[in-house]
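Read top to bottom, the protein sequences are chains A, B, C, D and E.
When you read off a place in the first sequence, starting at 1, and then add 225, the result is the number in the numbering used here.
When you read off a place in the second sequence, starting at 1, and then add 225, the result is the number in the numbering used here.
When you read off a place in the third sequence, starting at 1, and then add 225, the result is the number in the numbering used here.
When you read off a place in the fourth sequence, starting at 1, and then add 225, the result is the number in the numbering used here.
When you read off a place in the fifth sequence, starting at 1, and then add 225, the result is the number in the numbering used here.
Accuracy of the hints is not assured; some may be wrong.
Quick list of simulated restraints, FRET-style, between CB atoms [unchecked claim]:
| no. | chain 1 | residue 1 | chain 2 | residue 2 | range |
| --- | --- | --- | --- | --- | --- |
| 1 | A | Lys338 | D | Glu375 | 29 to 35 Å |
| 2 | C | Leu372 | B | Lys232 | 43 to 49 Å |
| 3 | C | Ala515 | D | Glu447 | 49 to 55 Å |
| 4 | C | Met449 | E | Glu379 | 55 to 61 Å |
| 5 | E | Lys444 | B | Ser349 | 57 to 63 Å |
| 6 | A | Asn253 | B | His492 | 52 to 58 Å |
| 7 | C | Leu372 | D | Leu352 | 27 to 33 Å |
| 8 | C | Ala515 | E | Lys444 | 57 to 63 Å |
| 9 | B | Ala515 | C | Ala454 | 28 to 34 Å |
| 10 | C | Ala489 | D | Ala387 | 49 to 55 Å |
| 11 | D | Glu375 | A | Asp496 | 55 to 61 Å |
| 12 | D | Ser403 | C | Glu485 | 39 to 45 Å |
| 13 | C | Glu448 | D | Asp441 | 37 to 43 Å |
| 14 | E | Glu321 | A | Ser403 | 42 to 48 Å |
Sample of chain B residues at the chain A side, in silico, Cβ under 7 Å [claimed, not checked]:
| no. | residue |
| --- | --- |
| 15 | Gly243 |
| 16 | Ala421 |
| 17 | Leu468 |
Please keep in mind that the hints were generated in silico from the structure rather than gathered at the bench.
Backbone N, C-alpha and C define an ideal beta-carbon position, used for all residues, glycine too.
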Amino acid sequence: MTDQVRKILDCYRSENPGVLTNLARILNHGRLAGTGRMIILPVDQGFEHGPARSFAPNPPAYDPAYHFKLAIDAGLNAYASLLGFLEATAAEFAGEIPLILKLNAHDLLHEEKDPLGAQIASVSDALRLGCVAIGYTIYPGTAERRLQYEQLREVASEAKAAGLVVVVWSYPRGGGLSKEGETALDVIAYGAQIAALLGAHIIKVKMPTAHLALPDAKKVYEEMKIPHATATERVRHVVQSALNGRRIVLFSGGPKEDDEALFAEAHAIRDGGGFGSIIGRNSFQRDKTAALRLLDEMVRIYQE
Amino acid sequence: MTDQVRKILDCYRSENPGVLTNLARILNHGRLAGTGRMIILPVDQGFEHGPARSFAPNPPAYDPAYHFKLAIDAGLNAYASLLGFLEATAAEFAGEIPLILKLNAHDLLHEEKDPLGAQIASVSDALRLGCVAIGYTIYPGTAERRLQYEQLREVASEAKAAGLVVVVWSYPRGGGLSKEGETALDVIAYGAQIAALLGAHIIKVKMPTAHLALPDAKKVYEEMKIPHATATERVRHVVQSALNGRRIVLFSGGPKEDDEALFAEAHAIRDGGGFGSIIGRNSFQRDKTAALRLLDEMVRIYQE
Amino acid sequence: MTDQVRKILDCYRSENPGVLTNLARILNHGRLAGTGRMIILPVDQGFEHGPARSFAPNPPAYDPAYHFKLAIDAGLNAYASLLGFLEATAAEFAGEIPLILKLNAHDLLHEEKDPLGAQIASVSDALRLGCVAIGYTIYPGTAERRLQYEQLREVASEAKAAGLVVVVWSYPRGGGLSKEGETALDVIAYGAQIAALLGAHIIKVKMPTAHLALPDAKKVYEEMKIPHATATERVRHVVQSALNGRRIVLFSGGPKEDDEALFAEAHAIRDGGGFGSIIGRNSFQRDKTAALRLLDEMVRIYQE
Amino acid sequence: MTDQVRKILDCYRSENPGVLTNLARILNHGRLAGTGRMIILPVDQGFEHGPARSFAPNPPAYDPAYHFKLAIDAGLNAYASLLGFLEATAAEFAGEIPLILKLNAHDLLHEEKDPLGAQIASVSDALRLGCVAIGYTIYPGTAERRLQYEQLREVASEAKAAGLVVVVWSYPRGGGLSKEGETALDVIAYGAQIAALLGAHIIKVKMPTAHLALPDAKKVYEEMKIPHATATERVRHVVQSALNGRRIVLFSGGPKEDDEALFAEAHAIRDGGGFGSIIGRNSFQRDKTAALRLLDEMVRIYQE
Amino acid sequence: MTDQVRKILDCYRSENPGVLTNLARILNHGRLAGTGRMIILPVDQGFEHGPARSFAPNPPAYDPAYHFKLAIDAGLNAYASLLGFLEATAAEFAGEIPLILKLNAHDLLHEEKDPLGAQIASVSDALRLGCVAIGYTIYPGTAERRLQYEQLREVASEAKAAGLVVVVWSYPRGGGLSKEGETALDVIAYGAQIAALLGAHIIKVKMPTAHLALPDAKKVYEEMKIPHATATERVRHVVQSALNGRRIVLFSGGPKEDDEALFAEAHAIRDGGGFGSIIGRNSFQRDKTAALRLLDEMVRIYQE
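Construct the entire structure; sequences and hints are all you get.
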């Protein structure tokens with residue numbers, strides 16, 4: 226057990242040994258084992274965007290086994306996916322990498338101003354599939370966020386009692402937020418705070434921009450001169466907003482980006498005190514060799 | 226146990242022996258036993274369209290025993306129907322053919338832009354009636370699909386724990402889809418992917434057309450040049466979209482069609498890697514001799 | 226056990242012995258015992274129309290004991306009523322006639338285009354009051370029929386497990402149906418089919434008219450030349466629509482009618498293969514002597 | 226046990242001994258013990274109208290102990306109140322007077338055309354506080370009355386199983402009723418019938434006026450010449466509408482009235498076969514001496 | 226056990242020894258131990274207003290441990306916060322100060338006329354974190370207050386059975402109330418009455434102004450000449466409205482105020498018979514030395 230991991234686990238002292246054990250499993254797996262940093266491969270794009278938009282750019286990715294192997298071969302900390310993907314492959318790769326079962330999902334076949342998502346799997350599913358954690362996406366800012374928070378309360382409580390780690394994807398959206406506002410620094414920090422207060426062990430947010438969207442918050446950022454010009458400063462602010470660094474915060478970049486931009490982001494995450502990355506489309510929408518090269522570079526950045 | 230069946234069961238290794246056993250019962254029953262292909266007779270038209278529209282073209286079909294005998298005499302793999310139909314006849318034909326209890330249903334007595342359906346039977350009903358599987362219809366694309374997905378989660382989870390196979394009818398519909406869009410290739414493939422991710426063991430979709438309905442998806446199909454000119458190519462794409470062939474996908478044709486068209490579809494399903502057909506109205510809305518002749522030809526195609 | 230009753234019970238072979246026993250109790254009680262025909266007295270008008278509209282025409286009927294005695298004295302097969310009526314009298318008349326507890330009810334104090342009703346009693350209530358069956362009213366064609374079908378699924382499932390018979394009143398209504406459409410032959414037959422598929426043991430519908438309301442259905446009735454000119458033909462079609470005679474179908478006439486019309490209907494029900502009548506207002510809204518005379522005549526028709 | 230009480234208990238023969246015992250406790254307590262008549266003190270005005278409107282006219286009434294003592298000192302049959310009021314005082318006065326816990330309540334801080342109320346306490350609360358009964362208010366005529374009836378079903382069923390008496394306040398209201406219509410004779414009688422059918426043991430209604438509000442009912446009242454010119458006749462009709470006198474019906478007057486009017490009402494209730502009064506604001510919104518004088522006179526009227 | 230505490234506990238005699246014990250723990254902790262007065266530090270601003278608006282004015286407050294220590298160092302009676310804050314620190318400070326877990330929370334990322342809040346933690350969470358009480362916020366005056374009252378009923382009932390104290394934040398809001406009306410005396414008193422009737426052990430309200438908002442109530446205040454010119458009189462009226470002093474009522478000031486105004490309020494609370502203060506933003510949005518100075522002065526006022 227390295228000091229870095231021990232220090233992180235100390236922030237979760239109120240949790241039961243089951244949760245601590247599974248959290249340690251994630252922190253101590255793969256090439257970043259023991260560093261206190263992590264990279265997770267999430268694959269739920271097929272539900273959100275449909276199969277062709279998700280997998281046609283790299284057809285082997287239609288196969289759920291592809292992603293399992295990619296995460297294993299790249300030496301990542303964990304692999305997160307939806308029920309069907311894990312059911313189709315969990316027995317085959319049992320014990321090879323920590324698994325996170327995303328419990329809810331949302332599709333775009335019906336457009337909504339305030340998306341809601343559906344809980345499509347349960348804590349029991351996570352247990353029978355050998356997972357170490359459950360995942361759940363919230364959309365703070367949407368009209369029906371109450372339903373999401375209460376559903377999360379129920380699954381998180383059941384998960385913790387069963388010794389599972391709770392990972393929350395916090396994506397502010399909804400009728401009151403502009404597209405630009407969804408990644409504004411104040412909004413992302415607010416989403417991180419909410420996820421932390423809801424009892425998330427690991428929080429996943431998008432990389433924030435320097436934009437400030439909420440008028441009342443903007444006034445405070447300006448009065449207090451909260452530094453937010455650089456990505457590193459913004460990461461630091463988000464981590465601070467997640468219980469002052471007492472909760473693991475991971476960042477994602479969204480759609481396929483320029484690799485250099487991704488590496489720059491990883492540097493900013495690392496330097497700002499972030500705990501790592503969740504990389505989905507950027508890795509599985511290119512061929513495997515290129516994906517491994519990309520992930521290798523990401524790992525190296527976090528190893529420094 | 227043939228190699229074809231063993232290979233299919235391998236894709237379901239994460240499931241418990243109860244599910245594997247019941248899946249094997251379907252695969253190993255009837256004239257297609259052991260081929261890895263299947264034809265299922267579904268009879269829920271009486272609920273969806275009313276009795277006269279469903280059965281008047283062939284009045285013996287008003288009797289639920291008629292369908293049971295038809296499926297048995299034609300040597301099909303399974304018979305799927307609604308609660309009342311099975312309650313009225315399950316004891317009489319106990320053990321003669323694998324049964325699928327459709328748990329939800331929808332009627333057209335009240336028109337809706339976004340149909341929802343009702344859960345009219347339970348997993349307990351399926352068990353007490355001797356069924357090997359439950360069936361459930363989802364309408365991806367409808368406003369209240371969340372309710373459907375969550376209801377499916379509950380019954381599917383209960384079914385799997387009881388060793389029952391989960392069959393999902395995935396019919397994209399709803400206010401955001403045109404009539405033509407409901408059978409567009411991208412939409413059908415999306416519906417198959419959703420059903421697979423929701424944990425379906427067997428997925429039933431409509432035969433897709435070459436139409437592409439969702440603008441964002443259309444762009445990808447064109448950029449990536451996904452082959453979809455022929456029915457065979459479209460079947461292949463849908464099967465690929467259902468976990469790359471790791472889940473059984475069945476196709477249906479809809480209303481009474483020209484027999485030659487049906488046979489052509491069966492060839493395309495077979496050649497595209499599909500697992501078989503669900504044939505309802507096309508078989509029970511003609512007299513029994515004609516129906517047996519049609520089903521015999523379908524079986525022969527899948528036996529090749 | 227007569228052949229007629231044995232033949233009916235054979236249609237319910239999938240049910241447990243408890244249900245068969247209670248069904249036999251209804252079929253073997255009263256003056257129609259053993260005939261395979263039945264007349265049931267239902268009294269829930271006080272909830273639907275208020276007490277004065279229901280009972281002022283024959284004031285002794287304000288008393289729940291009046292109805293119990295009427296059903297007993299007339300030698301009917303069963304008495305159906307709501308919770309309060311049975312609670313007030315069930316102990317007094319315990320064991321004298323089979324009882325059906327109507328579990329849901331609807332009042333007219335608030336007008337609605339799509340009525341819904343409320344479940345006001347439970348299966349436990351039926352058991353503690355010594356009933357042989359539960360009753361439940363559905364309104365196919367209403368916007369919220371899903372809630373009704375799902376509530377029915379729950380109480381029916383619980384009732385069957387407890388050995389109780391399930392009686393479903395199927396009254397198509399709702400915004401999409403005209404007043405005339407509610408008793409159209411195609412609509413009544415559709416309602417009977419839905420009740421049967423929902424798992425009803427006994428189905429109660431209104432006497433259909435020769436009107437055809439649903440355009441898609443009308444086309445079929447005309448193309449297939451389904452006979453429906455006479456009441457006898459229409460009864461035969463409705464019985465056929467309820468699993469081809471495998472489920473008991475009862476008919477009612479509605480508000481106070483000319484006695485000769487009632488007798489004519491009973492002849493039609495009998496000759497069309499119907500199983501009997503449910504007679505409420507027509508019997509209890511006249512003085513007891515007249516009511517007994519009417520019911521005696523009805524019984525005689527069904528005894529022929 | 227007096228004959229009057231025994232006769233009343235006989236109407237509840239279907240209930241278990243627990244319910245009979247608690248009903249007897251109410252009937253055999255206070256100065257009206259054994260008469261078959263009862264007066265109950267209800268205090269839930271603070272929730273409905275706020276504290277100042279309820280208690281400022283007689284400030285000692287802000288204290289929940291005041292009401293307990295008032296009911297005891299006046300020799301009433303029972304005291305009914307909301308959770309907080311009973312929690313604050315039930316231990317202090319344990320065993321001194323039968324208690325009724327009102328389970329639901331409604332406030333006027335948000336105006337609604339169709340009030341709904343909230344269930345703010347449970348049957349368990351009633352048991353732990355030593356109550357003999359639960360109370361529940363329904364608003365027949367409101368859009369969401371279904372929710373109320375179903376909530377009442379659940380608590381009433383639980384209460385009866387625990388041997389508690391069920392008291393239902395039946396107040397027709399809602400968008401389809403005029404203010405005058407809420408106390409119309411036909412509407413009050415309808416409300417009493419509904420409460421009785423829902424399984425109430427004791428029904429509380431407002432004193433009806435001679436007004437007739439529902440057109441279909443009005444026609445019947447006029448055709449049948451139902452006597453309703455005097456308050457006594459109207460009480461008799463309401464009692465008849467509550468299972469022909471098989472259920473205890475109590476009447477209330479509403480806001481502070483002229484005492485002579487109250488006494489006249491009590492005479493009418495007694496002479497019309499009513500079982501007594503529920504007197505809230507009229508007693509606690511005057512000083513205690515005056516309240517005791519008023520209640521003494523009410524008791525004397527019912528003792529005659 | 227001082228007389229002051231004994232007198233307060235006497236008001237809760239109907240509660241079980243578990244609740245009495247935990248209530249005594251709050252009353253007997255910190256510098257106000259034994260006085261019958263209390264000051265509580267609540268920290269849920271991060272959820273309601275976001276992290277920057279809450280903590281940027283005093284950055285150490287981003288850390289949940291900061292608040293724990295502040296409450297301990299200031300010698301307060303209890304510390305109240307949300308799930309994530311307590312999970313991150315409860316083990317570290319176990320046993321050092323009584324804890325209150327706020328079970329519901331509301332964010333401002335989506336504007337609503339009638340706010341609702343979400344239940345984000347459970348009674349089980351409170352127990353596993355070593356809390357002595359749960360907290361719950363209601364918004365009387367909002368359209369969906371029914372959901373809040375019923376959710377409170379469930380958690381309060383579970384909490385009491387587990388021996389936990391129930392603290393209710395009662396904040397009238399909603400479409401029918403003006404901003405000024407939310408703190409009007411009649412509205413605050415009404416909110417205190419509702420919280421008391423819902424079974425709260427401790428009630429938290431805002432300091433009322435002399436404004437009267439509800440026309441029907443205003444008439445009574447004026448007719449009855451209820452004194453409300455001074456803050457002391459208004460506190461006395463609110464305490465009277467909470468079961469005549471039988472329930473602990475605490476007051477808060479809201480956003481950062483002038484210290485002298487705060488002290489004046491504390492004097493008014495004390496002199497009006499209030500039981501103390503809940504001070505959040507006013508204490509943690511300044512540096513710790515200043516916060517301790519402020520809290521010390523508050524404690525001294527209540528010690529007099």
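Hints versus structure:
| no. | hint | verdict |
| --- | --- | --- |
| 1 | Lys338/A x Glu375/D: 29 to 35 Å | 32 Å, holds |
| 2 | Leu372/C x Lys232/B: 43 to 49 Å | 44 Å, holds |
| 3 | Ala515/C x Glu447/D: 49 to 55 Å | 23 Å, violated |
| 4 | Met449/C x Glu379/E: 55 to 61 Å | 56 Å, holds |
| 5 | Lys444/E x Ser349/B: 57 to 63 Å | 60 Å, holds |
| 6 | Asn253/A x His492/B: 52 to 58 Å | 54 Å, holds |
| 7 | Leu372/C x Leu352/D: 27 to 33 Å | 32 Å, holds |
| 8 | Ala515/C x Lys444/E: 57 to 63 Å | 59 Å, holds |
| 9 | Ala515/B x Ala454/C: 28 to 34 Å | 30 Å, holds |
| 10 | Ala489/C x Ala387/D: 49 to 55 Å | 52 Å, holds |
| 11 | Glu375/D x Asp496/A: 55 to 61 Å | 58 Å, holds |
| 12 | Ser403/D x Glu485/C: 39 to 45 Å | 42 Å, holds |
| 13 | Glu448/C x Asp441/D: 37 to 43 Å | 42 Å, holds |
| 14 | Glu321/E x Ser403/A: 42 to 48 Å | 45 Å, holds |
| 15 | Gly243 | 13 Å, violated |
| 16 | Ala421 | 4 Å, holds |
| 17 | Leu468 | 5 Å, holds |
Comparing the model with each numbered hint stated earlier shows that hints 3, 15 do not hold.
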